[in-house]
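Colleague: Sequence:
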Amino acid sequence: MDMISSLLRRPATPSILSLIGVLVFYVIFGGVDLDRLSGAASWVNYAARIGIVALPVALLMISGEIDISIGAMIPAGAMTTAIIAGHYGLPMGVAILGALAIGVVVGLFNGILATRTSVPTLIITLGTLVAMQGIVLAGSKLLTGGASVPLTSPAWAKTIFGDFIFGGSHQVVILWWVVLTAVFWFLAHLSKFGNWIFAMGGDKVSARNAGIPVDLITILLFVGTATSASFVGMCHAILFNSAQVSGGMNDIFNIIVSVVVGGVLLTGGFGSIIGVFVGTITFAIVIKGIDFTAIDRNWANLIIGVMLLAAVAMNETFRKKAMTAVTKKKKG
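Sequential numbering of the sequence shown, starting at 2, is according to the working numbering.
It should be emphasised that the hints constitute simulated quantities derived from the structure, not laboratory data.
Straight-line Cα separation of at most 30 Å, BS3-like style, residue types lysine-lysine; simulated pairs:
id: 1; residue 1: K142; residue 2: K159
id: 2; residue 1: K193; residue 2: K205
id: 3; residue 1: K159; residue 2: K289
Please model the complete structure; the sequences and the hints are all you need to start from.
Modeller: Here it is as structure tokens:
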């Protein structure tokens, strides 16, 4: 019983239960073949695409903030790569640095506004989202005359950022996702930096009074979310040898849902990287795995809505269990 009680207090538990629930639902009502589903590349590729961005977004949300400008940063990274390397013919290394640099600049902008003003970060990043949409579209039209830019990626860039592996169906970004998950897990759960982030999500005033560099960490977290999104856009431009100004906008909702399903509270202070990893898998299976079932694809959004509501309820329940256990331990 103690083991079960301990598991129910862990932030990753809601994501694991959600994944099991989705798989059971697909097997019973969709007649899905789990062997065929597990070997499919479509949902794994998609999970890696949104999962790379979901990791820093999770840390930002644990700290009590949110960033929705990521939806514009994915096409910004892709278009920057394509314009520099494809339209102007500069070395791919310069294009990669340019794509990452635009993420750093936008992240710094969001972070500085978040720490220097009292405007909620939802509003700040909403403004950045709209502004970057305009900049990407207008900049592309001005510089190239179109909204789509082709490029030819060198072999080394393809191998590292935009190639197909495991028989030619899985994308190399899957490896980036796994490696980055390990890095973020260490940062969040085994480092002082992670302790500071959780403390900020609990109470920023108390965290600042305890000597935690709240403003610096907030800025770094925003740089992480924006740069990760531009990195994903860059990888896709290299993979498909082209970029479009509209690519990635739908990923805002998908990434945040993955983080919430992964056990992170919207109010901050609670969550885990493993939970977000599993939550991303769960969301990807709902979106892409439904094609392997007999269920009409139009029902996918209903499944996502129910899953999101259930995840929010479970997250709050398990957080209360964890807080109760901590209180009892302190009294004991």
